[in-house]
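Student: Sequence:
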Amino acid sequence: MEEYMNNKNIEMMKKLIEEKKQKGNSTKNNERPKKVIGRMLLHSGRTTQ
0 MEEYMNNKNI EMMKKLIEEK KQKGNSTKNN ERPKKVIGRM LLHSGRTTQ
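Counted from 1, the sequence shown has number 20 at position 21 by numbering that gives the first Met the number 0; the numbering is strictly sequential.
Hints in this document: simulated from the structure, not taken from any laboratory. Among the hints, a few may not be true.
DSS-like, lysine-lysine: derived pairs with alpha carbons at most 30 Å apart [unchecked claim]:
(1) Lys-22 x Lys-7
(2) Lys-7 x Lys-19
(3) Lys-7 x Lys-20
Whenever a hint applies, use it, and build me the whole structure from the sequences.
Tutor: Below, the structure is given as structure tokens:
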């Protein structure tokens, strides 16, 4: 019975961690492209000059 409870807890923890990762990724992905595009523009601007 104790093993069953431990497995349940582990599964719950895994699910929570996955959800946190997905939420974290979605917020990071919203912020990142702007920075990346900005860098690319800076680099392309430097190379064309």
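Student: Run every hint past the structure and note whether it holds.
Tutor: Here's how the hints hold up against the structure:
1. Lys-22 x Lys-7: holds, 23 Å
2. Lys-7 x Lys-19: holds, 18 Å
3. Lys-7 x Lys-20: holds, 20 Å
Hint check: no violations occur; every hint is consistent with the structure.
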